[in-house]
Structures are given as C-alpha cells and as structure tokens.
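J.: Each chain is listed here by its residues.
Number of protein chains: 2
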Amino acid sequence: MILTVTLNAALDLTYRVPRLLPHTSHRVRHSAERPGGKGVNVARVLAALGHETVVTGFAGGATGDTLRRLLAESTGPLTDALVPITGATRRTVAVVDDATGDATQLNEAGPDVTPAEWAAFDDRYGQLLRDADAVALCGSLPPGVPVGAYAHLIRQARARHVPVLLDTSGEPLRRGIAARPDVVKPNAAELAALTGSTDPLPAALDARRRGAHAVAASLGPDGMLAITPDGTWRATPPAPLRGNPTGAGDSAVAGLLSALAEGLPWPDRLIRAVSLSAATVRAPGAGEFDAGAYEELRTAVRVEEL
Amino acid sequence: MILTVTLNAALDLTYRVPRLLPHTSHRVRHSAERPGGKGVNVARVLAALGHETVVTGFAGGATGDTLRRLLAESTGPLTDALVPITGATRRTVAVVDDATGDATQLNEAGPDVTPAEWAAFDDRYGQLLRDADAVALCGSLPPGVPVGAYAHLIRQARARHVPVLLDTSGEPLRRGIAARPDVVKPNAAELAALTGSTDPLPAALDARRRGAHAVAASLGPDGMLAITPDGTWRATPPAPLRGNPTGAGDSAVAGLLSALAEGLPWPDRLIRAVSLSAATVRAPGAGEFDAGAYEELRTAVRVEEL
Chain A
1 MILTVTLNAA LDLTYRVPRL LPHTSHRVRH SAERPGGKGV NVARVLAALG
51 HETVVTGFAG GATGDTLRRL LAESTGPLTD ALVPITGATR RTVAVVDDAT
101 GDATQLNEAG PDVTPAEWAA FDDRYGQLLR DADAVALCGS LPPGVPVGAY
151 AHLIRQARAR HVPVLLDTSG EPLRRGIAAR PDVVKPNAAE LAALTGSTDP
201 LPAALDARRR GAHAVAASLG PDGMLAITPD GTWRATPPAP LRGNPTGAGD
251 SAVAGLLSAL AEGLPWPDRL IRAVSLSAAT VRAPGAGEFD AGAYEELRTA
301 VRVEEL
Chain B
1 MILTVTLNAA LDLTYRVPRL LPHTSHRVRH SAERPGGKGV NVARVLAALG
51 HETVVTGFAG GATGDTLRRL LAESTGPLTD ALVPITGATR RTVAVVDDAT
101 GDATQLNEAG PDVTPAEWAA FDDRYGQLLR DADAVALCGS LPPGVPVGAY
151 AHLIRQARAR HVPVLLDTSG EPLRRGIAAR PDVVKPNAAE LAALTGSTDP
201 LPAALDARRR GAHAVAASLG PDGMLAITPD GTWRATPPAP LRGNPTGAGD
251 SAVAGLLSAL AEGLPWPDRL IRAVSLSAAT VRAPGAGEFD AGAYEELRTA
301 VRVEEL
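These protein sequence lines map, in sequence, to chains A and B.
Number 96 in full-length UniProt numbering belongs to position 96 of the first sequence; there are no gaps in the numbering.
Number 271 in full-length UniProt numbering belongs to position 271 of the second sequence; there are no gaps in the numbering.
Hints may be right or wrong, so weigh each one.
Stated by the list, open to error - Here are the computed distance ranges between Cβ atoms for each label pair:
{"hint": "1", "chain 1": "B", "residue 1": "Thr75", "chain 2": "A", "residue 2": "Ala119", "range": "30 to 40 Å"}
{"hint": "2", "chain 1": "B", "residue 1": "Gly126", "chain 2": "A", "residue 2": "Ala116", "range": "43 to 53 Å"}
{"hint": "3", "chain 1": "A", "residue 1": "Met1", "chain 2": "B", "residue 2": "Glu52", "range": "53 to 63 Å"}
{"hint": "4", "chain 1": "B", "residue 1": "Leu70", "chain 2": "A", "residue 2": "Pro143", "range": "16 to 26 Å"}
{"hint": "5", "chain 1": "B", "residue 1": "Ala109", "chain 2": "A", "residue 2": "Met1", "range": "36 to 46 Å"}
Stated by the list, open to error - Derived, one-sided and incomplete: chain B residues facing chain A with beta-carbon distance under 10 Å:
{"hint": "6", "residue": "Val28"}
{"hint": "7", "residue": "His30"}
{"hint": "8", "residue": "Thr86"}
{"hint": "9", "residue": "Ala88"}
{"hint": "10", "residue": "Thr92"}
{"hint": "11", "residue": "Glu262"}
{"hint": "12", "residue": "Pro265"}
Don't read these hints as lab results, they were simulated from the structure.
Note that the Cβ used here is the ideal one computed from N, Cα and C, for glycine as well.
Looking at chain A on its own, in the form it has when it is part of the complex (with noise of 0.2 Å):
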C-alpha cells in the first residue's frame, strides 16, 4: 500500500459569490465541503486510480468528524488511519469569484497538538511503514508540531527502507531535505523560497546538493524538472492549459508516487505526474481529475533528456 502523512488535514470549504468585495456582505451562494490537506488529496487521487491507499495525520473536533465522514465517501481503496486528537481540525477557505474565476485562500493554522499526540502519531507512522510501499509527507505543520518533524519521518521511512516523498515549505521543507528523502517536489515559488533562485535548473540543482536523492519540481503549465540520480529529464504537457490549477500539484505527487510504487522509471513517473495534474486542471471541481483526459494525456505529454 501506499502510505500518505498529513499532519494539518482540513476540512476545505468552497464558497461561490458573484464577486468578492472587501469590507462588504457576500450571501455564498454555493457552498461546499470536502476533505482536504495535501496528503489527503493525494491519497484520494492515488485511491480513485485504484491504488490501496492508507491516510495518516491527526483529525479532531467537529471538524475532524466531517473530515473523517467525507473521507470514508470517496472512491476507491482509501484506510482512514487518522491518529485522534483533542483539538480541531482546521478548515481553510477558498473564495471563488464567480465574475473572474479566481479564488481568494483563507487558512486556519490548525490545532495545537500535545507532545503525546505527536508520539502516539510516530507509533502508529511506525507500525503502518511495514506494509507501505512508499510514502508520502505532505503540507504544512500543525502547531505543537517540532518544526524538524518530517526529517524524523523521513529517517525512520528511510531506516526501514521505504522510499519517502516530501512535499512542504518553508521551513519544515529545508530541515527536511537534509534528512536526504527519495523525492522533493517543490513547485517553483517553494524551490526560490529554498535557493533563492527563480531559475528553475540552477535551483533544482541546489535543492538536490542540499540532500534530496531526486527533486522532481512542479512548473506549472510548463510541466515538470527532474534531477534523479538516473538522469535528467523535463516532462511538459502537450498544450497549455485552461482550467483550475487547485490540486494539481497533489495529483502529481500521487502519479510520482504511484509510479515509483510500481517500480517505474524516471520518465514514465514524469509522464504520469505530468499528465495527472493536467487532467485535474480540466476538471470542473476542485481537486478532482477528469479521467478520459487522463487517459489522452498519457499518450501526449512529452519528455525530454537534459
């Protein structure tokens, strides 16, 4: 099975209002909810691909609740193994502007979890590594979380020799990679964040010398950078796309992951990250992926050798 941490899971909300104004009054008038946090999107994505799938994290409070009920609603061989805690799951907020499409992000910070919660998390981490096929730590942290969190987990993934994905930033992203994962996926803003440069290769580059085994970089409608100890390649879609970029870069994670499950090469995980996130882009929800173009994609994303 493929595992998948997230440590700040959400409870994600979209409202629909005609036009978002500041400092005025909006009546929503669509309104919906559904299970969310990287790692859960991710898991969702690997599930709907018919992958066994297991999520991990914390979940609490009311919240937490719908969380865990919308969860068990989706498609596929998805195990809720979500560890329970005292606080609440947070919710974030996405705003969609219905004249421009555009959306407007308000995130709560999420729970503060107590250093037994954050042990009894590692215990059950430890015991579902041994049937994981690999694993992905996705997001941002909770507070209460120690800020060098995901390089504890990638040791311990990397001790019992499960290959371990990390998808963050900030901080946690640089405290992480030195703890030398499989795979870094940061997308563009991240790797400047990380190196300072908005140049893609050159940054790409210096992410991997800081200790990534691989870094596979998410570029947008340009597709996506690998620098892997194989080689390097750059994936990029056959055309530019229209649609919703929410969610994209989860399903590219779940098509490196899945592919890296199934022991792929590089250039086939590329082409079904590329071509996940591309079909996720084209469909109307949120999040989703829209799986006749997924299936056209995989023929039509190409790939390159640098």
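With chain A's structure known, arrange chain B on it following the hints.
T.: Relative to chain A, chain B alone:
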C-alpha cells in the same frame, strides 16, 4: 420566560488576517467560533442580563452540534430548545482586516428544511409559547421554510396573547409586518428597502401603516426612533460611538424585549435598547456587551418625545 426564534441559526466564524487581498492566499492569524444567528445573539444578551431565556429554531449536522455545545457554555439562564434537522446549520465567516478593523462577511444560505421538520418546529413553537412572556422572531429564513413563515408565527403568538417582536428583512419582513406584530425593529437600510424612503420618520410611519403596532427603528449612531400607540420618541446615546457595531441591533432587540416583558413603558424600553446597543459597540468581542458601559450609559441616554 422570553422566547427567541432563529430559523437560520449559524456557527459564526471570525478570522483575523493582516490584510484581505482578493485572489491571494491568507494564513488566518486568529480564528474564533461562536453560536450565531440574530435570535441566538438576542438570547445570549437576555440570559447575560439574568432573564430566563429559551432559544428555538433549527440545528443540524456537525456545525449544529458545535453551535449547541457552544450555546450550552453561555452565561445565564439560557435553555436550548432548538429542533433537530437532517441538514447542516450554516456557517458565517467574518474576515476582519487587522490593518483597518473592517470586516468582510460571507454568509452561507442555510440548510434545506423539510416540510416535516417545519411541522415539528411549529408544534414545538406552540408548546413554548404557553410559558412565554414575549417572543422575538429574528433573522433570515433557510431554504425550505415558507416565505410567509413569520406571518404564521406572529398570528400564533397573537392568538395566545404573547407580545411578538419581528427583526428580519426583505420579503419575510414585508409579509410578516402584515400579520400585525407588536413591534418590528428594522434598521435604516431595512426600512428604506421596505418603504422606498431613506428618511427614517416617514419610513417608520409607512412601516407602521403596513401593520406593525409599533416600529422601533435602529439608526446606528443616531440611536432609535419609535412610533408606538403610546407616542413617538427618539432615544440617542450620549456621544458618538467607536467600536465594532456587530450585534448592536441584536442587543437593541434584547433591550426592547426584556423591558416589554417587565411591563416598562416605551421610553424605558428605548433607554435599555440604546444603552445595551451602545455597550455592545464598545465591547472588544463582536456581539458581546460591556456590562460596565451598559450601567453607565443607562443614565446617559436621552429620550425626547416628538
């Protein structure tokens, strides 16, 4: 006891952000949740003043559970008589911009109430009216509740000789007022939408001609204007108010209703309404009132007969 009806109760979220910039992502600095909806706010003020208060309306889903849990933590003699429904209680989100103090409001529409749930509420309301000294009908209607709901509830209260106050807007106000409530409490914008006049005195006279026995219009910093069978009065706070006006109208309703239930004459009702309203603007938390300011303001509000 005093009964307050909130058909579209809410879980009110307040988010503080450094500055709200549409189409960007925000990390929420501080988030708070409290039980909301106009009638719930009125009830919390009444209970804090020591009045036996009963809250009814609808609550459902995980958000409804949280609302009820928070309501149980309120100060004073407050009883929860909310009717359970299958749909989920709506959320409202107030995004407070720390740079300016201004709030951007996002209000979900509310749950779909089934005909059977509306009938169950109607039964419960009839039972609760038996022990009520006064009743307040407050706020918007959720989808599924007939637009003439308030007219129906007003007729039931009047048939049992329970004084009834209506605080709503739009079509529910227009229809409710025709059922001859004892008091309506519109604000200036609601009065203007109802009557087409932006001049409060002729607008309030027009509103009264539409069926209300008395009109008590809340005019923000200008206090309150009341046109009643006993006379016409204007009550004004002593000085321009600074602070957060959220909940000031609900505190005014609590003032009017508690004084009415105690059999006080109109000038005393207005003094209580205006001083509670002003003490709410002065309180640091949205929808709370400053008890010290209330005691001070009670002797400083000026009432003049017109």
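J.: Next, verify each hint and record whether it holds.
T.: Evaluation of the provided hints:
no.	hint	verdict
1	B:Thr75 to A:Ala119: 30 to 40 Å	holds, 37 Å
2	B:Gly126 to A:Ala116: 43 to 53 Å	holds, 50 Å
3	A:Met1 to B:Glu52: 53 to 63 Å	holds, 57 Å
4	B:Leu70 to A:Pro143: 16 to 26 Å	holds, 22 Å
5	B:Ala109 to A:Met1: 36 to 46 Å	holds, 40 Å
6	Val28	holds, 5 Å
7	His30	holds, 9 Å
8	Thr86	violated, 14 Å
9	Ala88	holds, 9 Å
10	Thr92	holds, 9 Å
11	Glu262	violated, 34 Å
12	Pro265	violated, 35 Å
In summary, the structure is inconsistent with hints 8, 11, 12 from the numbered list given earlier, while agreeing with the others.
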